[in-house]
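*Asks:* In order, the protein sequences belong to chains G and S.
In this text, residue positions in the first sequence follow my numbering: the first is 1, and each later residue adds one.
In this text, residue positions in the second sequence follow my numbering: the first is 152, and each later residue adds one.
Be careful, since some hints might not be right.
To be verified - Each pair of labels, with its calculated beta carbon distance range:
1) S:S216 / G:E35: 15 to 25 angstroms
2) G:D48 / S:S216: 38 to 48 angstroms
3) S:R167 / G:E35: 41 to 51 angstroms
4) S:R167 / G:A134: 19 to 29 angstroms
5) S:L193 / G:E35: 32 to 42 angstroms
6) S:D159 / G:P52: 39 to 49 angstroms
7) G:I89 / S:K223: 42 to 52 angstroms
8) G:D48 / S:R167: 24 to 34 angstroms
9) G:D36 / S:A171: 14 to 24 angstroms
10) G:E4 / S:R166: 19 to 29 angstroms
11) G:G55 / S:D210: 42 to 52 angstroms
12) S:A219 / G:N18: 14 to 24 angstroms
13) G:Q54 / S:D157: 37 to 47 angstroms
14) G:R58 / S:R175: 33 to 43 angstroms
To be verified - Cut-off 25 angstroms, straight-line C-alpha distance, at most; resulting in silico cross-link-like pairs (SDA-like, lysine to any residue):
15) G:K25 / S:A219
16) G:K25 / S:S170
17) G:K74 / G:G108
Think of the hints as simulated: they come from the structure by calculation, not from any bench.
We put the CB at the ideal spot given by N, CA and C, even for glycine.
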Amino acid sequence: MSLEVRIASRVVEEDFPNLPLEVQKDLLGDPDIPEDEGKVGALAENPDLGKPLQGVLRGLRRLSLTGRYRAIYKTFLKKNVVYVILVGIRKEGSASDAHQRAERLLQGASLKEILGAEASALFEAPAAVKKPTAKTRKAAQRGRPRKARDK
Amino acid sequence: MVNGSDDDMVAVIERRALSALFKRVRDLSIELEAVSETNEILSDPATMQALARGLAQADSDDGVSPNALRAKLGWPAKSR
């Protein structure tokens, strides 16, 4: 049994005008492809498609859209309705990135390959540290560097 | 194992343990994703405000059907 999808007026008025066309098509289906009903069509068939949110947002689910966009919705089973509450872009790094990274790690990619430039500092060789000699230790104890003392 | 050596048996056990470990890592990463997304929403006042207004609308108005939204965009209607 499929559910009815309803979209909050605020999504229509505030979110939709700011969405790229690709995201609009992802949600509503490509207007040039009659059989493409988009994510709303998929939600009507399977309201559990999105991943559940936690804590105070329990009861809401979020569905990934093209790019870094997401839709947040709530299912009212008694009313047989899936209500889309918000559509917008994620501001921070997507946790799905972490998920994809974990998968790549399991497939044998190295951490350095996966993290790339983001964590290059982690993989740089530490700067060589000179071992203190008896002279430099004495100079340090006197509170002034050896070079200054030698001048 | 009837015909296998001890090494074969160890290999099988290792594979199973690794498989269970990978599954656990995957489950944890999904859980982490949900927590991370929830935290991200909670820490963004604009998103929380939008969410609160959307939820309030869910109680008071029936919203718009996907076809009504398509019509607003000048797109053709679909079966759903």
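*Asks:* Are the Cα positions of K74 of chain G and G108 of chain G separated by 25 angstroms at most?
*Replies:* violated, 38 angstroms
*Asks:* Are the Cα positions of K25 of chain G and S170 of chain S separated by 25 angstroms at most?
*Replies:* At roughly 38 angstroms apart (the allowed maximum being 25 angstroms), S170 of chain S and K25 of chain G break the hint.
*Asks:* Starting from the hint 39 to 49 angstroms, judge whether the C-beta atoms of D159 of chain S and P52 of chain G obey it.
*Replies:* With Cβ atoms ~42 angstroms apart, the hint holds.
*Asks:* With respect to the beta-carbon atoms only, verify the hint that S216 of chain S and E35 of chain G lie 15 to 25 angstroms apart.
*Replies:* About 18 angstroms separates the Cβ atoms of S216 of chain S and E35 of chain G, which means 15 to 25 angstroms holds.
*Asks:* Between R167 of chain S and A134 of chain G, does the C-beta distance stay in 19 to 29 angstroms?
*Replies:* Cβ of R167 of chain S to Cβ of A134 of chain G: about 58 angstroms, so the range 19 to 29 angstroms is violated.
*Asks:* 14 to 24 angstroms was suggested as the range; check whether the CB atoms of D36 of chain G and A171 of chain S agree with it.
*Replies:* For D36 of chain G and A171 of chain S the Cβ distance comes to about 39 angstroms; the hint is violated.
*Asks:* Okay, Q54 of chain G versus D157 of chain S on CB: inside 37 to 47 angstroms?
*Replies:* holds, 46 angstroms
*Asks:* Is the gap between the beta carbons of E4 of chain G and R166 of chain S within 19 to 29 angstroms?
*Replies:* violated, 47 angstroms
*Asks:* Take the C-beta atom of D48 of chain G and the C-beta atom of S216 of chain S, compute their distance, and say whether it sits inside 38 to 48 angstroms.
*Replies:* At 21 angstroms between Cβs, range violated.
*Asks:* Using the C-beta atoms of I89 of chain G and K223 of chain S, is the stated range 42 to 52 angstroms upheld?
*Replies:* Violated: the Cβ-Cβ distance is about 21 angstroms, outside 42 to 52 angstroms.
*Asks:* Tell me if the beta carbons of R167 of chain S and E35 of chain G are separated by a distance inside 41 to 51 angstroms.
*Replies:* holds, 43 angstroms
*Asks:* Given a hinted range of 24 to 34 angstroms, is it respected by the beta-carbon distance of D48 of chain G and R167 of chain S?
*Replies:* Holds: the Cβ-Cβ distance is about 30 angstroms, inside 24 to 34 angstroms.
Checked against the numbered hints given earlier, the structure breaks hints 2, 4, 7, 9, 10, 11, 14, 16, 17 and satisfies all the rest.
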